[in-house]
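Trainee: Single-letter residue listing:
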Amino acid sequence: MSFRLRRTVTAYLMLLPTLVLIGVFVVYPIVDSFIISFFKWDMLSPNKPFVGLQNYIYIFQDPLFHTALKNTVLYVVFFVPIVLVLGLLTAVLLNMRIRLLPLFRTAFFIPYVTSLAATGIVWQWIFNDQFGLLNYLLERVGLSAQDWLNEPRWTLFNIIVMGVWQNLGYVAVIFLAGLQNISREYYEAADVDGATPWQKFARITVPLLSPTTYFLLILTTIEAFKVFLQIYVLYGETAGPNNSGMTLLYYMFTKGFGDYRMGYACASAYVLFLIVFIFTLAQMALSRRVHYEA
Amino acid sequence: MKKFWAYAVLVVLCLFVLGPFIWMLATSVKPDAEVLTAVPHLFPEHWAFDNYAKAWASAPFARYFWNSFLVSALETLFDLTFGAMAAYAFARMDFIGRNVLFVALLATMMVPGEVLLIPNYITVSNLNWLNTYQGLIVPWMVSVFTIFLMRQFFLGLPREVFEAAELDGCGPLRTLFGIIMPISKPIWITSALIKFVGAWNAFLWVLIIANSSDYYTLPIGLINFSTDVGTVYNQLMAAATFSVVPLIILFLFGQRYFIEGIARSGIK
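Each protein sequence line maps, in turn, to chains X and R. Just so it is clear: in the first sequence, position 12 is 11 by numbering that gives the first Met the number 0, and no numbers are missing. Just so it is clear: in the second sequence, position 10 is 9 by numbering that gives the first Met the number 0, and no numbers are missing.
Hint data in this document are derived by calculation from the structure and do not stem from the laboratory. Every residue gets a Cβ at the ideal spot worked out from N, C-alpha and C, and that includes glycine. Treat the hints with caution; some may be incorrect.
As the list claims (entries may be wrong) - The following label-pair restraints were derived from C-beta to C-beta distances: (1) F15/R - R98/X: 16 to 22 Å; (2) V10/R - W197/X: 19 to 25 Å; (3) R98/X - C169/R: 47 to 53 Å; (4) Q179/X - T36/R: 44 to 50 Å; (5) H45/R - Q129/X: 18 to 24 Å; (6) V99/R - V23/X: 15 to 21 Å; (7) T105/X - R62/R: 29 to 35 Å.
To be verified - Straight-line distance between alpha carbons at most 30 Å, and here's what the computed DSS-like set of lysine-lysine pairs gives: (8) K225/X - K47/X; (9) K225/X - K39/X; (10) K199/X - K2/R; (11) K225/X - K69/X; (12) K39/X - K69/X; (13) K199/X - K1/R.
As the list claims (entries may be wrong) - Partial chain R-side listing against chain X, Cβ under 8 Å, derived: (14) K2; (15) L12; (16) L17; (17) M23; (18) A85; (19) M92; (20) T107; (21) M140; (22) P218; (23) S225; (24) T226; (25) Y232; (26) F250; (27) Q254; (28) A262.
Using the sequences provided together with the hints, build the complete structure.
Mentor: Encoded structure:
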């Protein structure tokens with residue numbers, strides 16, 4: 000056996016656990032999910048007829064799926080810009096050589112490491128229409144109380160607030176690392192030329208931060224398309240009043256583990272996958288045109 | 000003056016971020032009569048620490064804690080071991096198919112894990128692993144992110160370290176676990192923390208795999224408790240508090256590693 004071949008065998012032995020586990024629990028399900036999406040199946044019966052594109056046709060005609068798609072897109076459209084802007088603001092402030100930086104950074108990060116199952120219960124209590132903190136504060140400043148949890152028009156607002164709240168620290172920490180990577184010399188040179196703080200932000204910070212921004216844009220968009228947990232912890236198994244919290248992943252969950260319609264569930268999972276995939280590719284293509292020298 | 004505004008905005012943002020935790024703590028020590036009041040107050044008139052004992056006794060929380068700990072610890076242990084082995088192969092061994100395989104592994108990170116939920120549920124069910132620890136743990140014993148982090152770190156170590164070990168006749172496993180891992184402490188602490196936190200907070204998978212409270216982890220147990228007790232908010236908040244405290248403590252101790260790992264993933 001040649002040296003390289005022996006080396007290859009050893010290497011694959013080192014990789015064996017990884018390859019087996021990724022093969023069984025990642026690669027195989029990617030294929031299997033696709034196959035199931037062309038069958039009618041309740042997961043239990045041996046009867047599993049091939050139905051071609053029927054499952055895809057069904058979900059695209061299903062009003063509930065339209066609701067899910069609409070809500071998911073609305074969530075992405077609001078959540079992503081809000082969390083990025085607030086995260087950047089937080090990072091810029093933290094980068095101003097302030098005191099107690101570690102303390103602030105820790106505080107912002109805590110929601111990200113705590114389970115939404117626990118903090119979601121607190122939000123439920125805050126959103127409570129009669130005794131909740133939010134309504135109390137609103138009334139104190141002269142606004143009228145709202146039935147946050149039972150009125151469909153507030154559902155999206157509630158889950159966006161929770162999403163932003165949980166991910167703000169994460170986004171801020173990554174932005175902060177990006178900011179700290181920008182050489183101070185640029186700012187010093189700009190100071191010599193008499194640039195205003197806004198000019199410095201727009202002409203130095205934003206362009207040089209763009210790799211970080213694109214990374215976060217891709218990441219938060221993908222995460223946002225998979226929104227599920229906020230809805231589940233706030234509303235239980237109902238997807239909110241009037242399905243106002245129905246999202247793509249919730250739809251998949253309902254079809255799969257509520258109705259046992261695996262074909263529909265896998266078809267909707269693939270639609271979600273495809274959307275995420277297209278977004279990732281589009282954003283990666285965009286990011287080629289981004290500055291990379293810092 | 001500029002700094003004053005920076006502090007002002009940061010404090011407001013901090014109140015938004017920490018507000019729910021403060022309110023959770025405040026409610027958790029109020030007696031029943033002070034919970035649902037028209038005018039909420041932060042500090043209770045009478046402290047009711049027994050909410051914690053009552054909440055703890057009304058559901059098998061000890062069991063949930065143990066399950067959470069066991070599942071998270073084992074997942075982390077396997078993830079570190081297998082991840083280090085894979086990272087070592089990718090960073091230090093020249094073998095046929097290395098680059099293709101590495102790119103393929105990275106590509107799997109683009110697939111949302113939720114897409115895999117149904118086939119994986121079927122696999123676990125066919126293995127008769129529903130309601131078992133192996134069903135909760137085995138599918139999550141390897142993560143590509145850990146392999147990626149460790150590989151980057153190993154590539155940054157001086158070649159001489161590896162070469163010296165190999166010249167001494169150490170095989171790859173001895174080199175890795177005897178020499179490389181002890182000097183790679185920062186990266187495996189980082190990987191371990193990220194994995195542990197993720198495993199501790201895992202929700203959807205546990206929700207579908209564990210149908211009996213014997214195998215519930217804390218997040219699922221807590222949601223069930225919340226459905227059972229409805230609006231007994233002081234006990235609910237007590238339960239929420241003791242569920243998040245271990246993780247917050249872990250984070251406070253390990254945050255340097257944790258945040259650096261997260262930040263590094265953004266720079267690449």
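Trainee: If a hint holds in the structure, say so; if it does not, say that too.
Mentor: To see whether the hints hold, each was checked on the structure:
1. F15/R - R98/X: 16 to 22 Å: Roughly 20 Å apart at Cβ, these two residues keep to the hinted range, so it holds.
2. V10/R - W197/X: 19 to 25 Å: The hinted range 19 to 25 Å holds for V10/R and W197/X, with Cβ atoms some 23 Å apart.
3. R98/X - C169/R: 47 to 53 Å: Given a distance of about 49 Å, which is inside 47 to 53 Å, the answer is holds.
4. Q179/X - T36/R: 44 to 50 Å: holds (46 Å)
5. H45/R - Q129/X: 18 to 24 Å: holds (22 Å)
6. V99/R - V23/X: 15 to 21 Å: holds (20 Å)
7. T105/X - R62/R: 29 to 35 Å: holds (31 Å)
8. K225/X - K47/X: The hint holds at about 28 Å.
9. K225/X - K39/X: Holds, at about 25 Å.
10. K199/X - K2/R: holds (17 Å)
11. K225/X - K69/X: holds (13 Å)
12. K39/X - K69/X: holds (26 Å)
13. K199/X - K1/R: Given that 30 Å is the threshold and the Cα spacing comes to 15 Å, the pair holds.
14. K2: holds (7 Å)
15. L12: Holds: closest Cβ of chain X sits about 6 Å from L12/R, inside 8 Å.
16. L17: holds (6 Å)
17. M23: Result: holds, 5 Å to nearest chain X Cβ.
18. A85: Nearest chain X Cβ about 4 Å off; hint holds.
19. M92: holds (4 Å)
20. T107: holds (5 Å)
21. M140: holds (6 Å)
22. P218: holds (3 Å)
23. S225: holds (5 Å)
24. T226: Interface hint status for T226/R: holds (7 Å vs cutoff 8 Å).
25. Y232: holds (5 Å)
26. F250: holds (5 Å)
27. Q254: holds (6 Å)
28. A262: It holds, given that the least Cβ distance between A262/R and chain X is near 4 Å, below 8 Å.
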